[in-house]
Amino acid sequence: DTEVTQTPKHLVMGMTNKKSLKCEQHMGHRAMYWYKQKAKKPPELMFVYSYEKLSINESVPSRFSPECPNSSLLNLHLHALQPEDSALYLCASSQVTSGGFGEQFFGPGTRLTVL
Amino acid sequence: GDSVTQMEGPVTLSEEAFLTINCTYTATGYPSLFWYVQYPGEGLQLLLKATKADDKGSNKGFEATYRKETTSFHLEKGSVQVSDSAVYFCALSPPLAGANSKLTFGKGITLSVRP
Numbered sequence: 001d002t003e004v005t006q007t008p009k010h011l012v013m014g015m016t017n018k019k020s021l022k023c024e025q026h027m028g029h030r031a032m033y034w035y036k037q038k039a040k041k042p043p044e045l046m047f048v049y050s051y052e053k054l055s056i057n058e059s060v061p062s063r064f065s066p067e068c069p070n071s072s073l074l075n076l077h078l079h080a081l082q083p084e085d086s087a088l089y090l091c092a093s094s095q096v097t098s099g100g101f102g103e104q105f106f107g108p109g110t111r112l113t114v115l
Numbered sequence: 116g117d118s119v120t121q122m123e124g125p126v127t128l129s130e131e132a133f134l135t136i137n138c139t140y141t142a143t144g145y146p147s148l149f150w151y152v153q154y155p156g157e158g159l160q161l162l163l164k165a166t167k168a169d170d171k172g173s174n175k176g177f178e179a180t181y182r183k184e185t186t187s188f189h190l191e192k193g194s195v196q197v198s199d200s201a202v203y204f205c206a207l208s209p210p211l212a213g214a215n216s217k218l219t220f221g222k223g224i225t226l227s228v229r230p
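First to last, the protein sequences are chains X and P. Taking the numbering used here, the leading residue of the first sequence gets 1, the next gets one more, and so forth. Taking the numbering used here, the leading residue of the second sequence gets 116, the next gets one more, and so forth.
Isolated chain P, as found in the complex (with noise of 0.2 Å):
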């Protein structure tokens, strides 16, 4: 079945310093890819998500390039800020997703930045 592994947690950064979170996934054909942030005491917030591969979504100083020959979909930033201290999760949808069609997510990672 579908699955996604992030990269062992936790990461703390300083402010400023760059961003990098692995993603890595395994699914049939091409899934849609997302990155989901939780901030604490939140709920989910879609940060970005790439539908085919080679595509790049971008959000708020975040990055993260769709590849299907690694099957990665890497999140990135260039300089994190203390308020992007949260929870980042990595999920994939199926493609042509039917009915049954459901998220499959990555365990998280907790971000803290220190100022």
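Isolated chain X (complex conformation) (with noise of 0.2 Å):
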């Protein structure tokens, strides 16, 4: 199995919701990764784990709330987000080496919006 996968497929919420979004890897990877996305610009980093330990928070705000409750899965909990949050959310994975992080395998997204 080398696929990452990702639910919802899309999500709508209001500001004072709370959602989560997950993502599911059977590939043995020990490193994974939450992204936003925005139209037509390049992933940026949110999170990363490594041994179900968060290695990476890329200065994210509060209101996203990451947890990694066992090597194969990854979640990512909303809570009072903003419209300007509304993007494709990507989650992936790699594996963790000696040399560091293989090349990373992502899912399909969930396109957010926040209404």
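Worth flagging that the hints you see were computed from the coordinates, not collected in a lab. All figures in this text were calculated on a predicted structure; none of them were measured in a lab. Where a beta carbon is used, it is the ideal one built from N, C-alpha and C, also for glycine. Fair warning: there could be bad hints in the mix.
To be verified - Computed Cβ-Cβ distance ranges for the label pairs, DEER-style:
no., chain 1, residue 1, chain 2, residue 2, range
1, P, Thr135, X, Glu44, 23 to 29 Å
2, P, Ser129, X, Val12, 38 to 44 Å
3, P, Lys222, X, His79, 28 to 34 Å
4, X, Glu103, P, Gly124, 41 to 47 Å
5, X, Ser62, P, Gly144, 44 to 50 Å
6, P, Gly124, X, Glu44, 39 to 45 Å
7, P, Glu123, X, Thr113, 40 to 46 Å
8, X, His77, P, Thr120, 44 to 50 Å
9, X, Val12, P, Pro155, 17 to 23 Å
Need the complex rebuilt from these two chains, each delivered in its own frame; the hints are there to steer you.
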């Protein structure tokens, strides 16, 4: 299985809602990532987990809360978002080796709209 | 810091035309270099990679050669198809990446291939 899956595919939420994005991989990768991508722009890194521990937080607002319950799953909890948070949210995973992180495999993304 | 520069787009070609998309980088040492492709409405897919100087990555008729002397990783395809229409991102990851390693993306370029 060489796939990263993400659910839901689309999500519309109000600014007072709480929702979660889910990501799953079964490639045995021990690094997992969340990215935010605006239209016609490259992905922007938000968080990196390595061996289920948060290793990078790119100064993301606290209304985004990541969670890595086990080596295959990655969640992104959303609360009190703003309309400018509307974007495509991408999950990725990679191996972790003695030389660092391997190439990243991306999921199809969740298209988030905040009203 | 590390950076990736891609040629300005968009690019529009006729089917069976030759494609070159330029990518140059700035980094210390020997980073790993990647081309990712994003089809409309989808996540990113790794198209090809190269991890050391003079390596040639290839996949689906696309090729790119890691040129240390010109710090370049240009993407080429001899005969494009309508199905190649997508956004193409050049990216690098630092050598001997440690716990704080991350991908640096170029701005991306949109390729449209007309029948």
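These are the hints, each one checked on the structure:
Look at P/Thr135 against X/Glu44: about 27 Å separates their beta carbons, and that is inside 23 to 29 Å. Our hint of 38 to 44 Å for P/Ser129 and X/Val12 holds, since their Cβ atoms are close to 39 Å apart. Remark: the range hint 28 to 34 Å for P/Lys222 to X/His79 is upheld by a beta-carbon distance near 31 Å. Between X/Glu103 and P/Gly124 the CB atoms are about 24 Å apart, so this pair departs from the stated range of 41 to 47 Å.
The beta-carbon spacing between X/Ser62 and P/Gly144, approximately 35 Å, falls outside the hinted interval of 44 to 50 Å. One distance hint, 39 to 45 Å for the beta-carbon pair P/Gly124 and X/Glu44, is violated here, with the actual separation near 19 Å. Between P/Glu123 and X/Thr113 the beta carbon distance is about 30 Å. The supplied range of 40 to 46 Å is therefore violated. Our hint of 44 to 50 Å for X/His77 and P/Thr120 is violated, since their Cβ atoms are close to 36 Å apart.
Checked against the hint of 17 to 23 Å, the pair X/Val12 and P/Pro155 passes, with Cβ atoms roughly 20 Å apart.
Hints 4, 5, 6, 7, 8, counting from the list given before, are not met by this structure.
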